[in-house]
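*Asks:* Residue numbers (this note's numbering), protein chains in the order written: chain A, 6 to 485; chain B, 9 to 450; chain C, -11 to 115.
What the hints contain is simulated information worked out from the structure, not anything from laboratory work.
Beta carbons are placed, not taken as given, at the ideal position from N, Cα and C, and that holds for glycine.
It is possible that part of the hints are untrue.
[Unchecked claim] Now the stretches of chain A that chain B is said to cover, found in silico as 3 or more residues with beta-carbon under 8 Å:
id : segment
1  : 120 to 129
2  : 185 to 194
3  : 201 to 212
4  : 397 to 411
5  : 444 to 453
6  : 468 to 480
[Stated by the list, open to error] Ranges of calculated distance between the beta carbons of each label pair, as one might list FRET restraints:
id : chain 1 : residue 1 : chain 2 : residue 2 : range
7  : A       : E213      : C       : G26       : 47 to 57 Å
8  : C       : E(-8)     : B       : E40       : 50 to 60 Å
9  : C       : E(-8)     : A       : G28       : 17 to 27 Å
10 : B       : E155      : A       : D484      : 42 to 52 Å
11 : B       : A203      : C       : D95       : 35 to 45 Å
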Amino acid sequence: MSDERADESAPAPYEQARWHDDGTYEPLLSEKDDTTVAVSSSLPDDLTRDELELPALPEPEVARHYTRLSQMNYGIESGPFPLGSCTMKYNPKFTEDVAAHPGAQIHPLRADADQQGVLELLSELQDALASIGGMDAVTLQPPAGAAGEFTGILVARAYHEANDDDRSEVIVPDTAHGTNFASAAMAGYDVVELPSDDDGRVELEALEAAVSDETALLMLTNPNTLGLFERDITDIADVVHDAGGLLYYDGANLNSLLGKARPGDMGFDIMHFNLHKTFATPHGGGGPGQGPIGVVSELAEFLPNPQIRERADGTYERYAPDRNIGRVHEFLGNWLVLVKAYAYILRHGDEGLENVSEMAVLNANYVASQIEYEVPYGPFHHEFVASADADAADVAKRMLDYGVHPPTTKWPEIVDEALMTEPTETETKSRLDDLAAAFNAVASEDEDALASAPNRTTARRIDQVTAARNPRLSWHALDD
Amino acid sequence: MPYATHPPEDLDAMLSAVGVADPDDLFDIPDEVRFDGDYGIDAHSEREARAAVEGVLDGSTDLVEFLGGGHYDHYVPSVVDHLSLRSEFLTSYTQYQPEIAQGFLQALFEFQSFVVELSGLGIANASMYDRATALGEAALLSSRVRETSGNTVLVPDSLPDRIRSVLENYTDGPGIAVDTYPTSGGTVDVEGLRAAVDDDTLLVYAATPNARGLLEPDLDAVADVAHDNDALFCVGSDVVALSLLEAPAAYGADVVVGDASVLGMPTSYGMGLGIFACREEFLRQVPGRLVGASEDAAGNRAYTLTLQTREQHIRRERATSNICTNQAWVALRTAIHAAWLGPDGLVDLAEECVTGVADLCARLDELDGVSAPVYDGHHFREALVATDAPAADVADHLREEGFALRTVADGGDEYLAVCVTDTNRDRIDDLVDAVAAYGGSR
Amino acid sequence: MTFEVPDEFRYTESHEWVAETDDGYRVGITDFAQDELGDIVFVELPDEGEELAAGDEFGVVESIKAVSDIYAPVSGTVAAVNEALFDAPELVNDDPYGEGWMLELTDVDADELDGLLDADAYEAQTE
């Protein structure tokens, strides 16, 4: 091979595609064409617009535009993507073909009898997730992880209210995902922040001090955002339950537990699954995801409307749980994500799913063992948080030059200049070595090299301050 | 094992590097919570998994849908699949490292521009989950905006229960009440609205086309009623309808929400794409992600997520919304579809939504025992149809003939509802024949 | 790194300063605070005429990565706000004790200033 690398440890050379045109990369559609059409309609004039001004391009030019844009974008097939807490694993191709099956193109307002295929799949997926989470009932409706949190909190609130138990607080550890705080606040709760102990875990004494008869819910992710398993989880559950509260599991880190442990067995009452993380449905540049929630049997009657179940005759139906909280999406969220996740689960089966977590945890530990940055907290599982000895944001920018996506940076704040790294199970050893080499190459560089990065990406360092001081959010605003 | 297998020599090297004999030794999980059971899920080869899922999906009946009711489709050109499925788009993450994600950022910037053009408002975000959650967010925004101070959101009495339920869940936390104002003849009863609005009203919502398929004839007046009471006016619509209709900002809308997945997505069991546009002065109260233009160190225009201090990962419990994962890839598909149509194509498609349902209603109206549309006015995609026979019986009969239609309860009556777009218009003749064969008065 | 802490000003633990002027009292955030926040991109201030009690949240400063509430160091009536900050929030970074001022308060009880930190005490807090 002609491109054999001279130095085994040097990161691979990298250059991202860069289309260029006089002060911009790929021009905007509106710069390629700007057509104003006079609108004529059978409707009366007072209902319609006079004209519509948009780009008018022939299909070949549309195809070229978006192909060029795709070339200036980094996906999981471009290289390693170890964003902590995001679980950027390879998305199996066949699941896209399954989702494109004509039988998936069904309208939700059909009668139950006319959508049996959909309902069977939903019912089977509810059961599979219940089994994986150790939960008694599952709703598939929430369209994202944060929507799952919100739904779970509404279920908890409905449960407490049904017991005439008025509670006002949700407890969230300081290391939790920002969505936990925001979801609790959206549901009308006061958020009580729980400090971590010196090991980065929940401190039982602090928790005991924090719970009261105002505690509706404690939201935890386990392993936590440092990748550490909350060893005292059953005691934590007892403290919360003894205070009359419920325990919520944030499923963002479930990729470390498949086949090994189940939130339901740890004492969690409610959990959400991030299908776009654990079950490999593509992240799509930010979405769509899907955030089903599982609950213990006492909470099942509060799940959103509709739920799906199998009838005695083997057919399937939708039904409204007795004291359901209503809806969190007009229909059932992102149906195609559900189809892909179900296909992924069937493909793997028990053994394959357990292997996912084993390899995810091994890969994380392997990368950590190969990098020069300190990893202050452990033993960690599918992700670790390294501490950069420089500005973590700059480290990340420089890593881009080595053809890898950087870790999540500066969070959790408990680690100085945090580099939260989740390699996932779908990287080979040689790719993990590339990733470690990128870490180490950056670690050896001086501040200037980091501050001037990136150089090999489509765009050089982007001025965030100007973007925020003078927001220009559409092509209409560019002339301002 | 699919997708995650190390050859033995690599596995050995990695295990020895981390100092364990077995990957299982890396799990720091107390015995009492170790899972030693099984899920009971069998593994499948790719061929088997595909066959299994497709086999399940094939269990739904083969029907021609005239359903609508909040989930609509138009023909999606092949170019949308082929471009949006490029893995650099499909498998990428939220653009927190903008230098390496210019392509998607630009596509979202163009999507925002498209929504700005259609709504006439100053800013649009990069997506919400669907039109119902977008309305929920609009209600929350209205309670945060300084000029309004009340506790009630007003919606039409014909608002579908599904949307109302989502809205109530969004507004319940901050203690905002959802109340209705009357409609008459299928559209907003402006005098009834005026009577319902007071200084406690935060937001007045109206949709066009509305739940009866009618285009609202007098939204200027609705805007005036809202503004006379210092309430915000929120309009619900979709990106195809807005291509033809007057831009809501022109008659005073402060916020526009609705659905954009009418472009770019086939029928997909209600999967949506919420749009959210509003006046520029609400910029810092906008929920969700915003893509802005800036410059990079090479002096070129470049795009980045901006004003992130509004969002949950920075402002936590004081964020404008809890939304994180959104519908970015659907927005990409919508943008591609819109670009493919161009302004002429968009207007033509929208006009077909006006003429298609009018055609069908005219044909049905000629049948004995059938009267269509129930309400006078201009319809878009959908209309209600009155039948002398119980609507449910007619729908059951049509199902036997291979058509899926829904019924709608409205003011004590039950009607048949029809929805016509370019994807089912060529089946209108068959549908009319099937209704005729049953006889509307049976 | 050392930060400017003018001797004649008074300070709060939450990093606001207050200084007497000919017309009343000016309020802003300290050099230390602006540095911690980084490039400021947005400032939100109250309406003129608003009455503030000591400790009231009166506005918000935003940088790219953080948002911070600003609290009234003393009670008073908002006589003026620095409208220049709406178009040029960077003034807070460039000149936190001068052109980056935020409020002018009147009806201030001068005794309340005695409860605030002096320059030495504030400097000690930021070390």
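*Asks:* Against each hint, give a clear statement of whether it holds in the structure.
*Replies:* Status of each hint after checking the structure:
1. Counting residues of the segment 120 to 129 of chain A whose C-beta sits closer than 8 Å to any C-beta of chain B gives 7, which meets the bar of three, so the coverage hint holds.
2. With 9 residues bearing a CB less than 8 Å from a CB of chain B, the segment 185 to 194 of chain A meets the requirement of three and the coverage assertion stands.
3. Against chain B, the segment 201 to 212 of chain A contributes 0 residues with a C-beta closer than 8 Å to a partner C-beta. That does not satisfy the three-residue criterion, and the hint is violated.
4. Under the rule that three or more residues need a Cβ within less than 8 Å of chain B, the assignment of the segment 397 to 411 of chain A holds, with 5 such residues.
5. Using a Cβ-Cβ cut-off of 8 Å, 0 residues of the segment 444 to 453 of chain A lie near chain B, which falls short of the minimum of three, so the contact claim is violated.
6. Interface restraint, the segment 468 to 480 of chain A with chain B: holds (10 residues with C-beta to C-beta distance below 8 Å; minimum three).
7. At roughly 38 Å, the beta carbons of E213 (chain A) and G26 (chain C) sit outside the given window of 47 to 57 Å.
8. At roughly 58 Å, the beta-carbon separation of E(-8) (chain C) and E40 (chain B) lies within the given 50 to 60 Å, and the hint holds.
9. The given range of 17 to 27 Å is broken by E(-8) (chain C) and G28 (chain A), whose C-beta atoms sit roughly 39 Å from each other.
10. A C-beta distance of roughly 28 Å is found between E155 (chain B) and D484 (chain A), which places it outside the suggested range of 42 to 52 Å.
11. Separated by about 44 Å at the C-beta atoms, A203 (chain B) and D95 (chain C) satisfy the suggested range of 35 to 45 Å.
Going down the numbered hints, you'll see the structure goes against 3, 5, 7, 9 and 10, while the others check out.
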